[in-house]
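Peer 1: Dock chain B against the given chain A, drawing on the hints supplied.
2 protein chains.
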Amino acid sequence: MILEVADIRIQPGQQADFEAAIQHGIASVISQARGFISAQVQHGIESPERYLLQIQWATLEDHTVHFRGSPLFPAWRAIVGPFFAEPPKVEHFGAI
Amino acid sequence: MILEVADIRIQPGQQADFEAAIQHGIASVISQARGFISAQVQHGIESPERYLLQIQWATLEDHTVHFRGSPLFPAWRAIVGPFFAEPPKVEHFGAI
Numbered sequence: 000m001i002l003e004v005a006d007i008r009i010q011p012g013q014q015a016d017f018e019a020a021i022q023h024g025i026a027s028v029i030s031q032a033r034g035f036i037s038a039q040v041q042h043g044i045e046s047p048e049r050y051l052l053q054i055q056w057a058t059l060e061d062h063t064v065h066f067r068g069s070p071l072f073p074a075w076r077a078i079v080g081p082f083f084a085e086p087p088k089v090e091h092f093g094a095i
Numbered sequence: 000m001i002l003e004v005a006d007i008r009i010q011p012g013q014q015a016d017f018e019a020a021i022q023h024g025i026a027s028v029i030s031q032a033r034g035f036i037s038a039q040v041q042h043g044i045e046s047p048e049r050y051l052l053q054i055q056w057a058t059l060e061d062h063t064v065h066f067r068g069s070p071l072f073p074a075w076r077a078i079v080g081p082f083f084a085e086p087p088k089v090e091h092f093g094a095i
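Going line by line, the protein sequences match chains A and B. All residue numbers in the first sequence are consecutive under numbering that gives the first Met the number 0, ending with 95. All residue numbers in the second sequence are consecutive under numbering that gives the first Met the number 0, ending with 95.
Worth double-checking, as some hints may not be accurate.
Note: identical chains are not told apart, hence a pair may lie in one copy or across any two.
[What the hints assert, rightly or not] Calculated lysine to aspartate or glutamate pairs in the DMTMM-like style (CA-CA distance at most 25 Å, straight line):
#	residue 1	residue 2
1	K88	D6
2	K88	E60
3	K88	E48
These aren't lab readings, by the way, just hints derived from the structure by calculation.
Extracted from the complex, chain A is given alone in its bound form (with noise of 0.2 Å):
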């Protein structure tokens, strides 16, 4: 198991909008992807407009390759890219 974190920054004043989207998103996309274990969102609290999106996958292909290559990734981005200040910084992690 590996562990996706995405740090975002959304634009200022739409987290409210940008909460119920990527749960929605969730809910009804990364949720179908193969490899797909658990989410989990938390929100900045010393930077209000920073979300962190950890996603448990089963192998690291599940994220970069299946579910990247896979409809579901525009699917995804549709959903919560348009809220997105700047790209997403993504990266995966092992437990040690």
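Peer 2: Frame of chain A, contents of chain B only:
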């Protein structure tokens, strides 16, 4: 409950020693703090000198006031600080 996320960069080649040190520091120091709930450490796949330390605290002040103002803080930094390549980037998050 709030989540502390510390984005850590260590000096190259120190992974094994750092992983032992941070696990020791969590078990012997952090876990003794008021309001500590749980902690997880993740290791970067694309950035092998990067670690994410995520700590659940009962309240923000349990970390920012009580922990940082207690003798536990210098004890913790003495264990993990020597591995840091730069000061960790620490922010706090709440669930949406």
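Peer 1: Where does the structure disagree with the numbered hints, that is, which hint numbers, in rising order?
Peer 2: none
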